[in-house]
Amino acid sequence: MASAINNLLDWLLTSWLLSGLGLSVSTDSAIGYVVAAFIHIALIINLVAVGALVFIWLERKISGRIQDRLGPTRVGGKFGWLQTLADGLKLITKEDLMPDGADGFLFKIAPYISFAASIAAFIAIPFAGGPYPWIAQHLNTGVFFVIAVLGLEVFGVILAGYSSASKWSLFGAMREAAQVVSYEVPLGMCAVVPVLIAGSMDMVVIGNQQAGFFTNWFIFHDPATFITFWVYFTCALASVNRAPFDLAEAESELVAGFHTEYSGLRWSFFFMAEYGSMLSVSLLASILFLGGWHGPIPIASLLGLTAENGDVAGYVGNLLGLTNVLFKGVVGVSVMIWIRWTLPRLRIDQVMATCLKYCTPIAAVMFLGAVLWQYNLPGRTFFGLLAAPPAMFSVDEGWEAPPAVTTEPAKPAMVEVRVEGLTPQQVAANQERGN
Amino acid sequence: MTTSLLANLLTEPPGVAHYMTVGAVMFVCGAMCMATKRNALGVLMGIELVLNGANLNFIAFGSKYLDNGGPQLGLDGSLIALFVIVLAAAEAAVALAIALNFYNNHDSIDVDRADQLQG
Amino acid sequence: MNAIYWPSVFFLLFGAMACGFALAVLLSANIVRMAFYLVMSLAATAGLFFLAGQEFVGAMQLLIYVGGTLVLLIFGVMLTSQERFVNMKTLAGDWVIGMIAGGALLSLLTAAAFSVPEWRGPERAAVENLPIEPNATPIGMGLLGARVDQIGAPADERAGMAGYLFPFEIVSVHLLVVLIGAAYLARAKRRSNPLPTG
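Protein chains in written order, with the numbering used here: chain A, 61 to 495; chain B, 130 to 248; chain C, 11 to 208.
Chain A on its own, in the form it takes in the complex:
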């Protein structure tokens, strides 16, 4: 987080928390490092868990409205907004069943693998940009990392399907394996297009380049990116197993697919993983294509809420950015819910045909189109109607540049740890204090 949080941490650790014990610990020390890490972890886990609560409620309300009924209305007041919490309590009190022939160890660990992979993707997703981005770990290859980690969620599903000792589960898991591995190809190709335009895999850099009005968003950069966004969204839908691609849990044919045999808390972990990865692909879409933390109108910079005008202004601007990113993410999830309750489920061969016959070739052609557009019409945006802002050329990772210069926008992950146990944010804070 921005320097403000670090100052707060410093203050907590040095003056208040430990002074009574006669100790003084700064954030540079081992304890400060651990505390800072745990704050990031707690924020991310809360985002996923609370997000799942909200999204499940949202799904019930939206599906209700689409099917011409009311959805939950009673629990927690007017809109039934505490319904998910009540469901959660019910799930916790349920009996934890395991089938007789199941492989106990794998059966128990599978939901946690899914959940861990789903959370891990949030490590590299920025929630606000600028010089002090709100990101748990600023990775130089952020896009690549998020896509790689998203692909790991399938392991939990496969292990669950296999270890349940049930044919329904096994069929669901096999479908999931085939589907996710296939859809990673067009998904990666679509994600490469914004990377190509930005010239960096750093998600903070990609987001910062779309500063300004909505005309600078990469979705409007040229016709190829416009089409790419829709292909990306389709593939993302398939890679997180949402309807109409939810073959792995097709309840009309496979009872409940891979989680047929699960009950109680473990089952809810699968659900949290599903909603977590829905949110992360939506956030990825919002940062790659929809301007990230920049609203359609750059309110933050028009009001002067940038880091140049002091810590507090930068913090408020980042808060606005956070709102933007989360709003776009929630809109993406809502569209996924809307699609789920509108379209019928595809057959497995149709799913494969969609991937191999449509998504992959379209993504490949659009990649080529984006290359040609960049080559022939450099420096234009909004379908070539406007000149691109200077921010879009801010990254020069040309090969003439000495490596030390190219490091400026990007701070790699674990290497940072070597600077005496400092997180990137703390390093930034220290530099700032030095200034």
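Among the hints, a few may not be true.
[Said to hold, decoys possible] With a straight-line Cα cutoff of 30 Å, these simulated DSSO-like cross-link-like pairs (lysine-lysine) come out:
#1 A/K168 x A/K150
#2 A/K168 x C/K99
#3 A/K154 x A/K227
#4 A/K168 x A/K138
#5 A/K227 x C/K99
#6 A/K154 x A/K138
[To be verified] Not the full set, but computed from the structure, chain A residues with beta-carbon under 7 Å of chain C:
#7 S123
#8 G124
#9 W141
#10 F215
Treat the hints as calculated values from the structure; they're not laboratory data. Computed from a predicted model, the values in this text were never measured in an experiment. Even for Gly, the Cβ is constructed at its ideal location relative to N, Cα and C.
Given the coordinates of chain A, assemble chains B and C onto it according to the supplied hints.
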């Protein structure tokens, strides 16, 4: 010698030798998997372990954060590691196809039964 | 008492995970468990790559190896997982010979690793404040044939360190050939024992 190296590993940076030790353990485990497993897919997993143990050495020699003045591979280390990963993917695809073919023909996945040079 | 050096802690964690799960792959008799342990071992290896500053290779390992190759492997395990093949015990004689050979190899490799003084860990002060260099761009340029890390090297040294454009092309063609070959090999030929096509 080794014990003192491990003792101060909490306060001192790891070096190439530490990475090589991890790589050696993975390599040996993989090699023994290849030698002892009877399931064809177990043999395949042994191959993956061996390749990763070797990859770890390339990465260690290419990393300047582990460098203590010895010879360095630099960027070549990571590039070779990349090629190893890509080729391992190709190798796994072919090996899996062969294993499935073997399973189709012999109705078994036991490599000890693959003792005749005919389909 | 020095302050804890956190990369070392993470090295111990990931290294122990990689070694432990590799051993578990070796010692387990259940093929599905083996696949799971292998996933964990390779993911820990990716963590070691990140720790060595090679985050691009680490992400690649996660994407291609763990997310692609091992899913394929588990797919194969599921296709062939009849009851009698899930638990295939290794013969005792194989164990004895394997342990002797493996133990000898391991002791040799470890002794060799620690025999060279330059391979031991660097001084803490030397690496603590190293500048952070993302290496995705140099790797990409290297694959295109331009070695941005070798610009300063004299011309006669650079002759031997050409870029990796040609190997990159060979690998691309190789992958295409392998793709076609694997599809050809794995196609269903006989109807006597049809594969479940899910």
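Now for the hints, and whether the structure bears them out:
no.: 1; hint: A/K168 x A/K150; result: holds (20 Å)
no.: 2; hint: A/K168 x C/K99; result: holds (25 Å)
no.: 3; hint: A/K154 x A/K227; result: holds (24 Å)
no.: 4; hint: A/K168 x A/K138; result: violated (38 Å)
no.: 5; hint: A/K227 x C/K99; result: holds (26 Å)
no.: 6; hint: A/K154 x A/K138; result: holds (27 Å)
no.: 7; hint: S123; result: violated (28 Å)
no.: 8; hint: G124; result: violated (33 Å)
no.: 9; hint: W141; result: violated (36 Å)
no.: 10; hint: F215; result: holds (6 Å)
In this structure, the hints that do not hold are numbers 4, 7, 8 and 9, in rising order.
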